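Participant: Please model the complete structure; the sequences and the hints are all you need to start from.
There are 2 protein chains.
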Amino acid sequence: MIDLEVLRGSYTKSPSKIVMLVADGLGGVPHPDTRKTELEMAHLPNLDALAWESACGLTIPILPGITPGSGPGHLALFGYDPLKYFIGRGVLEALGIGLELRRGEIAVRGNFCTVDGKGLVTNRRAGRIPTEQSAPLCRRLDSIQIPGVGLSVHPVKDHRFVLVLRGEGLDDRVNETDPQQTGVPPFEVSPQAAEAGKTADALNRFVEKAREALQDEERDNMVLLRGISLLPHLPSMGEVYKLTPAAIAAYPMYRGLAQVMGMRVVPTGSTFKDEVETLRESFDEHDFFFVHYKPTDATGEDGDFSAKVKALEEFDSLIPEVRELKPDVLMVAGDHATPSLLARHSWHPVPFLLHSRWTLGEGIEGFSERSCAGGSLGTFPAMQIMLLALSHADKLAKFGP
Amino acid sequence: MIDLEVLRGSYTKSPSKIVMLVADGLGGVPHPDTRKTELEMAHLPNLDALAWESACGLTIPILPGITPGSGPGHLALFGYDPLKYFIGRGVLEALGIGLELRRGEIAVRGNFCTVDGKGLVTNRRAGRIPTEQSAPLCRRLDSIQIPGVGLSVHPVKDHRFVLVLRGEGLDDRVNETDPQQTGVPPFEVSPQAAEAGKTADALNRFVEKAREALQDEERDNMVLLRGISLLPHLPSMGEVYKLTPAAIAAYPMYRGLAQVMGMRVVPTGSTFKDEVETLRESFDEHDFFFVHYKPTDATGEDGDFSAKVKALEEFDSLIPEVRELKPDVLMVAGDHATPSLLARHSWHPVPFLLHSRWTLGEGIEGFSERSCAGGSLGTFPAMQIMLLALSHADKLAKFGP
Chain A
1385 MIDLEVLRGS YTKSPSKIVM LVADGLGGVP HPDTRKTELE MAHLPNLDAL AWESACGLTI
1445 PILPGITPGS GPGHLALFGY DPLKYFIGRG VLEALGIGLE LRRGEIAVRG NFCTVDGKGL
1505 VTNRRAGRIP TEQSAPLCRR LDSIQIPGVG LSVHPVKDHR FVLVLRGEGL DDRVNETDPQ
1565 QTGVPPFEVS PQAAEAGKTA DALNRFVEKA REALQDEERD NMVLLRGISL LPHLPSMGEV
1625 YKLTPAAIAA YPMYRGLAQV MGMRVVPTGS TFKDEVETLR ESFDEHDFFF VHYKPTDATG
1685 EDGDFSAKVK ALEEFDSLIP EVRELKPDVL MVAGDHATPS LLARHSWHPV PFLLHSRWTL
1745 GEGIEGFSER SCAGGSLGTF PAMQIMLLAL SHADKLAKFG P
Chain B
1385 MIDLEVLRGS YTKSPSKIVM LVADGLGGVP HPDTRKTELE MAHLPNLDAL AWESACGLTI
1445 PILPGITPGS GPGHLALFGY DPLKYFIGRG VLEALGIGLE LRRGEIAVRG NFCTVDGKGL
1505 VTNRRAGRIP TEQSAPLCRR LDSIQIPGVG LSVHPVKDHR FVLVLRGEGL DDRVNETDPQ
1565 QTGVPPFEVS PQAAEAGKTA DALNRFVEKA REALQDEERD NMVLLRGISL LPHLPSMGEV
1625 YKLTPAAIAA YPMYRGLAQV MGMRVVPTGS TFKDEVETLR ESFDEHDFFF VHYKPTDATG
1685 EDGDFSAKVK ALEEFDSLIP EVRELKPDVL MVAGDHATPS LLARHSWHPV PFLLHSRWTL
1745 GEGIEGFSER SCAGGSLGTF PAMQIMLLAL SHADKLAKFG P
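Here the protein sequences come in this chain order: A and B.
Quick note: to get the working numbering, add 1384 to the position in the first sequence (first position is 1).
Quick note: to get the working numbering, add 1384 to the position in the second sequence (first position is 1).
No wet-lab data here; the hints were simulated from the structure.
No experiment lies behind these values; they were computed from the predicted model shown.
The reader is advised that the hints may include incorrect statements.
Identical chains share a label here; the pair holds if one copy fits it or two copies do between them.
Lysine-lysine pairs mimicking DSS-like chemistry, simulated, CA-CA at most 30 angstroms apart [stated by the list, open to error]:
#1 1710 - 1420
#2 1401 - 1593
#3 1468 - 1694
#4 1782 - 1541
#5 1502 - 1710
#6 1782 - 1420
#7 1694 - 1782
#8 1468 - 1582
#9 1468 - 1397
Facilitator: Below is the structure:
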């Protein structure tokens, strides 16, 4: 995080308010028929007007050419160096289903698989059984007990589940059990560091008891464990920046990520309208708001260009309600691009705008990948967004005499 | 400083000449009435014509969102990493009144204050007494003697003075004495590192003798010491870049900063016209010239938009005289923005132009924040300006085979 020793004394408390709207997967690439991106095809009168008055640029989530997952993408937005702070796959999966993890707890991405009579894996995903079938099996696993370690098992979707371990001295420096091929047995868990012996032992016991519990099943008769990870300890955003940050997010994973960074999660509904309403209701209580908008990413991942255009237009339609609150700094950012043409996250620079009374208003014609490239902020690391936001909000003092 | 090991052998001597005009506090933000910045309101025929033929861009003094003081702002312009090299507040104050410091000397920002009969601070600034009253008190302090350490005291303005310590083994890792509140005694100076014991001891003795020397005063009966700092040892700009750099600056602080970086200070008068005349007279003797123009910052800090416009026009009017000298590289840069609307330094990117026979001339319409955003140099760290200047002047060889 932008927690440079030299800046320690520079973050200052002030009554001003900052709103960061994060449209997940915001950027795109041009459709081959029109040579226009989703942002360029969408009718975005409110974002366009806002961009005109704002400081604009393109953000690089991690490094040019690096496609971020949701974890690193969001860490960067709040000033955490995504190459330094890591949120493991198991933890992210747990946050994604709304589990509340505590420091020192280990989360694991598990899935059911099929083994033959000799214990060799014949199907790594047990034929992707539906959740209705896997949920009762999860309840069976959830009742497993291991001395000295608490555990719980939570269904995710289809053949996937989350295993959480609780106890003293857990350590995630252990290998996964998925052999990544069939015809071989699952790996044993081995410690990769001296301190990880207890965790490896607990996971091996869990696997053994899971095998027993599932032995009568035809297909789902074994488990594979991946993404074994500790909830990381991140510096608290509020403490470092002297903010009382709040997160408003309809999707559980983003609430979880925000909590790991030390934000207070404000309960909200399932739509962006709900989120904006929650922003309005809680506006007096906080000085920093992260508002997460998921549909731009979801439609992009679906590869549905016109659905992403519509998702952008829905996002745009509520910008006036946000502006009515008159935040001192209003930003529109993305954690990464999710071009519909790729149907997945990408490495492209992401459009960004920041509006405050101190912005130049460089007259950017429309909020898009192309126009933001001409903005005064240039193409810059997402990790530096918070420094800009804090300065524009008069919360970051001069550096050096 | 851009003193990368890999570039060591690449800086080469050549007869070409580089002129860097630094308009202090160059950038601004738009006036709410006109939505135009100071640069956009000013009539700048010469800068506009120069920008048309130049490579243009915006420079980031330190990091996006970081507002630099004058020290870090200038260090960056000459390629010194402002997060690595630090010029302390005491040193800057000493340079600001024209003191010549040597390596190993300590400079302290002092001020008179009022303490009551129990030694508790009742007024941290002794009611901001005028310089006429504080100067005789400074002479009294100047006569204080401490065994093993030389010292001198110099009036600054109002209640402020500079204390300089000279001697072997001085170290600035000590705390300040200003308690930042009234009703408590000043802090003792304590060493924050084992090597700083001698300095702490000398400063405590100075404070004790100052208290005795001032005991009959009603208001100015004590001193507070802040910004205790050693003159840092910076690599010499001339040695690293193989230049014979000269500084032409009407204001003492910028002469002092230039000296710390290893430039020769050429005596000059008090106006920009004097500075340009000095440039002309000394043009044969050096291959690099830093010419500092203060009024753009001073008017910005005063919050006087139209005065800053006039200061820019005055700066513009002498551009033809500089161009007549036909420097191989001519740059116009700023150490930071000082928007009149903020009336202080800011974090905004700063307009920059570089003109040489090798510049594209991207046809920038006018020299301003908005137009420079579209230049070929993009928005880039000020610390990289020197690399551009040296290459355009044929003083930086190819990197790698």
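Participant: Please flag the earlier hints that this structure goes against, numbers listed from lowest up.
Facilitator: Checked against the structure, the hints that fail are numbers 2, 3 and 5, while the rest are satisfied.
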